[in-house]
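Asks: In case you want the letters, here they are:
Protein chains: 2
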Amino acid sequence: MTSNDSLPANFAWRDDLSAEIGVTERGFVVDVEGETIPGVLWSPRPLEEITTPLPLVLMGHGGQSHKRADRMAAIGRRLARRQGFLAASIDQIDHGERGPLTDEGGDDTRYRALWQRPGLIDQSVAQWRAVTRALAALTCVDDTRIGFWGLSMGTMFGMPFVAEEPLVRAAVLGLASLTGNSVDRSGIRATFEASAPRVACPVMWVVQWDDERFDRDGSIALYNLLGSAVGNGNKRLIAFPGLHAEAPDESTVLTREFLGRELGR
Amino acid sequence: MTSNDSLPANFAWRDDLSAEIGVTERGFVVDVEGETIPGVLWSPRPLEEITTPLPLVLMGHGGQSHKRADRMAAIGRRLARRQGFLAASIDQIDHGERGPLTDEGGDDTRYRALWQRPGLIDQSVAQWRAVTRALAALTCVDDTRIGFWGLSMGTMFGMPFVAEEPLVRAAVLGLASLTGNSVDRSGIRATFEASAPRVACPVMWVVQWDDERFDRDGSIALYNLLGSAVGNGNKRLIAFPGLHAEAPDESTVLTREFLGRELGR
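Residue numbers (the working numbering), protein chains in the order written: chain A, 1 to 265; chain B, 1 to 265.
Just so you know, these hints were derived from the structure itself, not from any lab. Being a predicted model, the structure only gives us computed values, none of them experimental. The beta-carbon is built from N, C-alpha and C at its ideal position, and this holds for glycine as well. Any given hint could be a false lead.
Taking CB as the label site, the calculated pair distances span [what the hints assert, rightly or not]:
(1) B/52 - A/115: 52 to 62 Å
(2) A/243 - B/261: 16 to 26 Å
(3) B/185 - A/118: 22 to 32 Å
Computed far set for chain B versus chain A, every beta-carbon distance over 10 Å [said to hold, decoys possible]:
(4) 28
(5) 119
(6) 123
(7) 235
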């Protein structure tokens, strides 16, 4: 066990969750203004054996999913095993252990209600920033090499966070748009329009070409709004055929390897 | 030296060009209906040491360039060194040793004239196919794992070839469009419209977002026309900001690794 002596005051480890070959998986909680935010940290080796701080990828799951859904866990493990990075996934507001949105898919009445809540984005950004600062303070984390990975709802909460948080040096964003059903229902368009130009780090923008929730043309328009303006614009777009939920494994490979290049030595 | 005994009748090696760490570079010529087509083959090790046939990537250079231009050589060497593949680049019609279009850039009068020549595309397709068959017959080549890499003029000549040649199992195409200056001047639109739907192999389509020669919207429209229709459509689009000639090294990395995944074991 890593000693708690040098941990941030608002941070605590939970029981070890599990480990598989080459990857350690560890629960944690961060307290932010009275709310406890649970997360999972994947690591290429036991934390007490990490003598040189490692890059960290923050992961934001999609709508009606949770921090340790199969896809999140697969990406977290691969970031650890293939890139040698740390990866942290948290339950986003009302999701996972922060219920009631604990299941993937299903009735979305409560999900729609979430997006009507005043101050939702500000609350999420504040929480993401607090989690980032707590994790960045761990001795195993290289706070000069922190990235973000979040698509769909991961981008709805993640883009305004990435726009605000200078510790994030590279971001995978997308499966989002300025137009489409999921944009209209959530009212997220104004948030995207305000935050996209202020995203300054390198971005890989992901599009599902036949996305039925986030329209393609609006997704391209949102990509165009991204700041990320070093030189020719340090951003790239990758697109695959298929519906919103049909992103192929190759999309995961390319986004992971992008973060590998940006945050690696 | 590899014995010439088992070579295709229309194929001959030339002198070794050079070698750098881990990569062998070898010249060759293929005779096609009285015309001699010169090429370069990059290999991860001396050909006589290859006991298990390797995947092969055919490479078509851009306009007013040649088979061994810096970018071609860099990609060929990396395909050999990083992927362990063979890579072959030929001088395309009127280019390189097949002059007069030997220099990159400069006056394009002769280049424009090339595209007015009747039967140009049919001639190029026939030559590409003959070169492919000659290389596929080499004992060092695994003829079940042949790919194509060609952008801009490499796609103008390459797309109709890939559409016709079943030995090509994966292709990197792009920096091309249904609209734009270079499309209008060359009259290539009809060729693209006819061949794109017949491209059946997995494709990575490359776009420079601010391409001044091949318009973005027309490039997206051409991507949409590509057959490659296994399941959801086994094609993906990658885009980077910048003009036609400003593709970043990352574009080369992603296209090379795509071929690595598609043609690797």
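Asks: Test the statement that residue 123 of chain B is away from the interface with chain A: the closest C-beta pair must be farther apart than 10 Å.
Replies: The assertion about residue 123 of chain B holds, with a minimum of 33 Å to chain A.
Asks: Just tell me: holds or violated, for the beta carbon distance of residue 243 of chain A and residue 261 of chain B against 16 to 26 Å?
Replies: 23 Å, holds
Asks: Taking the closest pair, is the beta carbon of residue 119 of chain B still more than 10 Å from chain A?
Replies: 34 Å, holds
Asks: Test the statement that residue 235 of chain B is away from the interface with chain A: the closest C-beta pair must be farther apart than 10 Å.
Replies: The claim is violated: residue 235 of chain B sits with its nearest Cβ about 7 Å from chain A, within 10 Å.
Asks: Are all beta-carbon distances from residue 28 of chain B to chain A longer than 10 Å?
Replies: With a cut-off of 10 Å, residue 28 of chain B remains clear of chain A, as the shortest Cβ separation is near 33 Å.
Asks: Is it true that the C-beta distance of residue 185 of chain B to residue 118 of chain A lies inside 22 to 32 Å, as the hint says?
Replies: At 57 Å between Cβs, range violated.
Asks: Does the Cβ distance between residue 52 of chain B and residue 115 of chain A fall inside 52 to 62 Å?
Replies: 56 Å, holds
Checked against the numbered hints above, the structure breaks hints 3, 7 and satisfies the rest.
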